[in-house]
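Go by the hints and put chain C onto chain B.
2 protein chains.
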Amino acid sequence: MKGVMEPTRSTAELVMAGSVLHAGRLITQIENGHDEARHTMRQLMRSCGKAQLIGVTGPPGSGKSTLVAALIRQLRRAQRTVGVVAVDPSSPFSGGALLGDRDRMLEAASGDRDVFIRSLASRGAAGGLAAAVNDAVDVMDAMGKDVVIIETVGVGQGEFDIARIAHTVVLVLVPGYGDALQVMKAGITEIADVIVVNKGDLPDARTALKELKGHGFTRRGPGAGEPWNVPVIQASALRQEGIADIVAAVNEHYMFTGSSGWRQAIERGRRRAQFADVASARLRAELLTAAGQALDDGQLADPCTAAEEFVRHVMAATAREPASGSGREMEKR
Amino acid sequence: MKGVMEPTRSTAELVMAGSVLHAGRLITQIENGHDEARHTMRQLMRSCGKAQLIGVTGPPGSGKSTLVAALIRQLRRAQRTVGVVAVDPSSPFSGGALLGDRDRMLEAASGDRDVFIRSLASRGAAGGLAAAVNDAVDVMDAMGKDVVIIETVGVGQGEFDIARIAHTVVLVLVPGYGDALQVMKAGITEIADVIVVNKGDLPDARTALKELKGHGFTRRGPGAGEPWNVPVIQASALRQEGIADIVAAVNEHYMFTGSSGWRQAIERGRRRAQFADVASARLRAELLTAAGQALDDGQLADPCTAAEEFVRHVMAATAREPASGSGREMEKR
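Quick note, the sequences are listed as chains B and C, same order.
Using this note's numbering, the first residue of the first sequence is number 1, and each one after it goes up by one.
Using this note's numbering, the first residue of the second sequence is number 1, and each one after it goes up by one.
Same shape as in the complex, but just chain B (with noise of 0.2 Å):
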């Protein structure tokens, strides 16, 4: 009400009733690689781990933006709050001139205070894009999204990177693209829990589908359980067909692997890599003032040598001793 008082409340409890303001100036904190929003994700932490989270990447080209457009329409229609971290492979001179159809993704969401999207530069991020792609997934879980999307590009070592993030990642091709045989070399079918043929109308897109679904694609979790079937979806985004068959594909996957244990590998998995991500960023930036003056002064043999008589010995440092002042010990394997 106006003219009220609040009582004044943390980031971490404005962020967790929603705002979207102080959640965006917070994953700009956390690109920026701000002391302050280190401890506000710490008071996050509490509140994740709710979030169904989705990867969907592709080549460039192959319209993952329209789609991701069109899952937020379909998503919402079921009532499920949305977040979108889309990662950008901005190039320091155009400033990200290689999406065209992000507007798409927009307008999707136009209006609509229960979708939230946002974009990260491939550079920039201080310490690390991995890292700051997880914090940002962090964040959304914590603002109380039902579903989290990753959307990255298929250039460099990104989708990969998701992998390691969603529950279930959605690969998207269009036919004549490349043909299966192509994809399978590229070994990103590894990947892909669900595989989206996109602009389905495509002369072409018969062909592709029959040769992915010809190849029988599975994947399987830790242990020894059934293996899922990759299924592979005929889709059109921009005329939103198919779109319903992704999002009960997707939800599917959710639920095979949470039945049998592969959702809890896969969480497991995401924070482990958060931990080393953070880690050797971090280790990266002390070690550049720590040791340089000896490799200057020559105490120090070639950089690579040097490198790994370092990383020896920090590894017998921390075995010896255990973490002080946290009460925890650091376990060796």
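Honestly, I wouldn't trust all of these hints.
One copy or any two copies: either way a pair holds, since identical chains are not told apart in the list.
Lysine to any residue pairs mimicking SDA-like chemistry, simulated, CA-CA at most 25 Å apart [claimed, not checked]:
| no. | residue 1 | residue 2 |
| --- | --- | --- |
| 1 | K50 | D296 |
| 2 | K50 | R164 |
| 3 | K213 | L202 |
| 4 | K213 | H39 |
| 5 | K50 | L238 |
| 6 | K210 | G223 |
Calculated directly from the structure, the hints in this document are not laboratory data.
Values in this document were obtained by computation on a predicted structure and should not be read as measured data.
Showing chain C alone in chain B's frame:
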């Protein structure tokens, strides 16, 4: 001679003798993270440090590969041997479809055994791309190449990484691509020692050239010396125009860095970054196993907090004890 047994030579010796076959194999081993490669690299280090290192970067479509081809021809005319490390922003989907005109570069080198060109894919390099680029540059240096050109496409972090490796960074722009303002905003001119306006025959070339020259970019090494005035050069790589000017400007900058103490600072910075890159990448791998169980068991706080505690602990532990075995102390700042 046929039939005569040669004494067995080590890979390092064969590379130092200029063997393209063995240098190529070694770089493949480096990409794959082979232990043997590290052994060979250690032997090669004593032959490193002689080559002139030129970085070439710019937005996709600026004609970098064509320009590199023209530079190779120009350098060969002056009897200088050339190595090229081309960083390929490969997509796992396409296997490198972002690149069009690398063929021109290969054409310039065809049949000339004093030119060695090698692509590195941006994914798959175990231990990080920057580390692999540094190693590949060292291999070409040890082969005895007078000049090593590092070419990278302006997508992501690569152009900032080569600025840490090369003695001289050549920034390639095209008229009409973007005005000086846009380039300045992107912060990219901070790393440019020589700016080339390629495709100088295009209609907007004169405007672009005037704008860039009008700005008067300068670069400054460490210390209080004179600043370097960044030359802006009009060229047409396709027509082989302006290429001699570029080589002259690059050599002038190389001389400048040598007389001002700047070059030693660049080389020290490169070795420091190499140490930090290799150490943090190896630590990341070690941490995934060492800390994984403790994270899973809930003995550690949330991953990011745990990572920060771990880093503090490592830095404290390594500061207390000298690195054992090597007889060299790891100094703290």
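Here is how each hint holds up against the structure:
Only between protomers do K50 and D296 lie at most 25 Å apart by alpha-carbon distance; the minimum there is 18 Å, versus 49 Å within a single protomer. Taking CA atoms no more than 25 Å apart as the test, K50 paired with R164 passes inside one copy only; the shortest distance there is 17 Å, against 42 Å between copies. In this assembly of identical chains, the alpha carbons of K213 and L202 lie at most 25 Å apart only when taken from the same copy (17 Å versus 49 Å across copies). For the homomeric pair K213 and H39, neither the shortest alpha-carbon distance inside one copy (48 Å) nor that between copies (46 Å) is at most 25 Å.
Proximity of K50 and L238 under a CA criterion of 25 Å is satisfied in neither setting, with 30 Å inside one chain copy and 56 Å between copies. Within a single copy, K210 and G223 get their C-alpha atoms no closer than 31 Å, and across copies no closer than 65 Å, so neither meets the 25 Å cut-off.
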